[in-house]
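**Student:** Here's the letter readout for the chains.
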Amino acid sequence: MLAQSLIQGLDQFFTPLTLILTTLGVIFGLVVGALPGLGPLMGIVLMLPFAVDMPPVSAMGFLIAIGVGGSCGGSISAILLRIPGTPLAAATLFDGYPMAQKGRAADAIGIAISASALGGLFGGLVLILTAPVLADFASNFAPPEYAMLALTGLISIAVVSDGSLLKGLMTGALGLLIATIGTDEFSTGFRFAFHYEMLNGFHIVAIVVGIFAVSEMAQQVQAGNLNEKPTVKPVRPGFRSVLLTLRHWKNLLRSSTIGAAFGALPGVGGTISTFASYAVAKAMSKPEEGYGKGAEGGVVATESANNATVGGAMVPTLALGIPGEAASAVLIGAMLILGFFPGPALFADQPEIAGGIFLVYLFSNVSLLVVGIVMTPVFVWVLRLKKSYLVPVVLLLCAIGTFALQSSVFDLWVMMGFGVVGILLRAGGYPLAPLVIGVILGPLLENNLRRSLLISREGYWIFLDRPVSAILVAANVLLIASAIFWTIRLRKAQRARRAESPD
Amino acid sequence: MMIRKIHAEWLVTLLFVGVVALVFQQAATDMARQGIASGGPYDNAAAYPKAIAALLGGMVALQLALRLLRARSDEGPDAPGVPLRALLRPALMVAIFALYLGSLAPLGYHLTTPLMLAALMLLAGIRNPVAILVPALLISLGFSFVFEAWLKIVLPGGFLHLNIPW
Chain A
1 MLAQSLIQGL DQFFTPLTLI LTTLGVIFGL VVGALPGLGP LMGIVLMLPF AVDMPPVSAM
61 GFLIAIGVGG SCGGSISAIL LRIPGTPLAA ATLFDGYPMA QKGRAADAIG IAISASALGG
121 LFGGLVLILT APVLADFASN FAPPEYAMLA LTGLISIAVV SDGSLLKGLM TGALGLLIAT
181 IGTDEFSTGF RFAFHYEMLN GFHIVAIVVG IFAVSEMAQQ VQAGNLNEKP TVKPVRPGFR
241 SVLLTLRHWK NLLRSSTIGA AFGALPGVGG TISTFASYAV AKAMSKPEEG YGKGAEGGVV
301 ATESANNATV GGAMVPTLAL GIPGEAASAV LIGAMLILGF FPGPALFADQ PEIAGGIFLV
361 YLFSNVSLLV VGIVMTPVFV WVLRLKKSYL VPVVLLLCAI GTFALQSSVF DLWVMMGFGV
421 VGILLRAGGY PLAPLVIGVI LGPLLENNLR RSLLISREGY WIFLDRPVSA ILVAANVLLI
481 ASAIFWTIRL RKAQRARRAE SPD
Chain B
1 MMIRKIHAEW LVTLLFVGVV ALVFQQAATD MARQGIASGG PYDNAAAYPK AIAALLGGMV
61 ALQLALRLLR ARSDEGPDAP GVPLRALLRP ALMVAIFALY LGSLAPLGYH LTTPLMLAAL
121 MLLAGIRNPV AILVPALLIS LGFSFVFEAW LKIVLPGGFL HLNIPW
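If you're matching them up, the sequences are chains A and B in order. Residues 1 to 503 (the numbering used here) make up the first sequence, in order. Residues 1 to 166 (the numbering used here) make up the second sequence, in order.
Isolated chain A (complex conformation):
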C-alpha cells in the first residue's frame, strides 16, 4: 500500500508546477514565519484562496510548504530580535538570541534552518510509515466510530486550546452549528438559509480568512508600534551549519521524535513540543554545554521538534480526516474544496494523491534547507518591513482572495462578519481554533451520528456496543474529566498564591 502510494504519487509530484509551487510555498512560509504576528497558519489562510484552483497535489504542496517554512521562519526574528516570529519559535530564543549576542547569528540561523529541515524529514518518515497503517486500521470503522472520532478531535482541541475548557467547548459548538447552515444531506431541507447564497452553507475559506486573518489585523492595529523598523545586520549562513547540526545527532533524533509524537496528538501542537524537547535536551546535557547561554543544542532541540510536529500532525489529518490543530483543519478544508476526502478512502481510492502529498512534504523540507540557507539575507531584510504597510496589504489579500473564490460579494460579507466575530472572541479570551475545527468536523459528526442512529436498534447504545467506539467515548469522558480536574487544581493554586501575597 505504501510503495504503491509513493510510486503512483511520483507522477503527481514530478511536475514543474508542483516543484515550483512547493518551493514558493517554502519561501512565502519563511517570510510569514519571520514576520512577528503572522506565522504558518496565517500564511496558509492567506494563500488558501489561490490554492483552491490549482491541481490537488500542487495546491497541497504549496500549502504544506507554507506550513513547513512558516514553522521555521519564526526562529529568524527570535534569534536576531529576541521576538519570536511565531509562538513555535518562543523556545528558540533561549539559546538562539545569546548565540547572536556572541556574534554567531549566522550559525544560529543556519542551525535553526538545518535542524528544522532534518526534523521535518524525520516527521515525514513518521508520516509515511504510520499514516497508511492508521488508515488501514480505520478502514474497518463504521459510522459510530467516525462520529466518536470527530467528537474526540473537537474535544481534544477545545481542552488544550488557550483559554478555559468551557470557552473552547463553546466555540467548538458554535463551529458545529455554523456547519449545519445550508441544505441538509439527508432530508434535503434547508436550515438557516436566509439568503440564496447560503443554500450550500458559508464558504470555509471566507470563514477561515475572517476569523483568523481579519481579527489578527485588528489585534495588530490595537497593539500599536505599527511604524517600528527594527535595526538588523545582514546575516549569511552557510551549508557548514548542516554539519554543526549533525554534531548533535542524538539530540536531533530525540527532539524530532518528541515533535512528531506530540504533533500526532490532537490539540497538542508545536509550541508544547518545542518546550518539551528543549526541557529534555537541557536535562540530558552536560553543564559545560551552557544551555540558556547560547548552546547550539538548544536551537537544534526546539527547531527540529517544531518542524517534526508538522509531519506528526499530518498523520491523523490524512489517515483519519481528523485535524490535530488549526492549520491541519485549514488543510482539510483545502482538501475538501480540491475534491478529495482525507481518511482511509484516500489511501484506498486515490493512492496517487496520498503518495503525492507524502512526496511534496519531503521535498518541502529539502527545499527548506536549500532555500532557507541561500535566501536568509532576504528573510532578514523582510524583518525591516513596517506593519503600517503590512496590515493594509494583508487586508487587501483577504478581500481579493476571498472574492476570487467564486466572484461573490456575499463571501466578502461572510468574511467580514466572521472577522468581527473573531475580534469579539479574541477580546473575550475565547480560542478560535475549535470554531474552525467544529466547522470542518461538523458534517462528519452529524452525518455519522445520524447514520449510526439509523442502523442502531437500541438508539445511542450503539456507541457503547462497539469496542473502538466505546473506547473513544471513554477517552472523551476522560479528557473532559481530567481538564475539569486540572482547571479546579489550577484555580485553587492561584487562590492560594493570592492569599499568600495579597499585594
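These are calculated hints, taken from the structure and not from any lab test. No false leads were mixed into what you were given.
Simulated DEER-style distance windows between Cβ atoms:
(1) A/Q406 / B/L137: 25 to 31 Å
(2) B/A65 / A/H195: 35 to 41 Å
(3) B/A105 / A/G429: 33 to 39 Å
(4) A/Q494 / B/A61: 21 to 27 Å
(5) A/H195 / B/L69: 37 to 43 Å
(6) B/S38 / A/E500: 57 to 63 Å
(7) A/P234 / B/A86: 35 to 41 Å
(8) B/G81 / A/V468: 45 to 51 Å
(9) A/T188 / B/A86: 47 to 53 Å
(10) B/G39 / A/L17: 48 to 54 Å
(11) B/G39 / A/N200: 19 to 25 Å
(12) A/R489 / B/L87: 32 to 38 Å
(13) A/A496 / B/I6: 20 to 26 Å
Note that CB positions come from ideal geometry on N, CA and C, so glycine has one too.
With chain A held as given, fit chain B onto it using these hints.
**Tutor:** Showing chain B alone in chain A's frame:
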C-alpha cells in the same frame, strides 16, 4: 472609560444566546414548515442543531454561574483593561475595511483599492503623502496584475467597468 475583558465576554455571551435562540426559533418555524423538524434520524434535520444549541445554552448558563461566583476575585477593579480610545484605531480599521467591501462592487477595484490602502496607511500613522500614495497605487496595481493577468480573475469593474487589459 476602561474596557475590560469581562465586557467582551458579555458581548460573546449575548452572541451565543442569540445563536441558541435562533436555532430553536428556526426549528419551530421554518424547519417545521418544511416538515424536517420531526421524525427519525433521517427526516429530522432539526434534532442535531437543537441538541448542539441546547448543549451550548447549557454551557452559557454554566459560564454565567461561574462568572458570578468568580466576579469578586477575578474581575475586580484591578483587572487589566484597555481605555476606550485605544479601541478607536481597530474600530476605524474595521469601518474602513467594511466601507471598502461595500463599495467594491458599485465603484470597482481600481477606484476603491488605492483609497482603502491609503486610508489604512494614514490610520497606521504614516504622514508623508508620497509614502502613502506611491505604495497605495503600486500595491493596488500589483495585486490587479497578479489576479487579472496571472490568475485570470475578473476583479469588480464598478459602474465605470474599469478593468485593465493587462
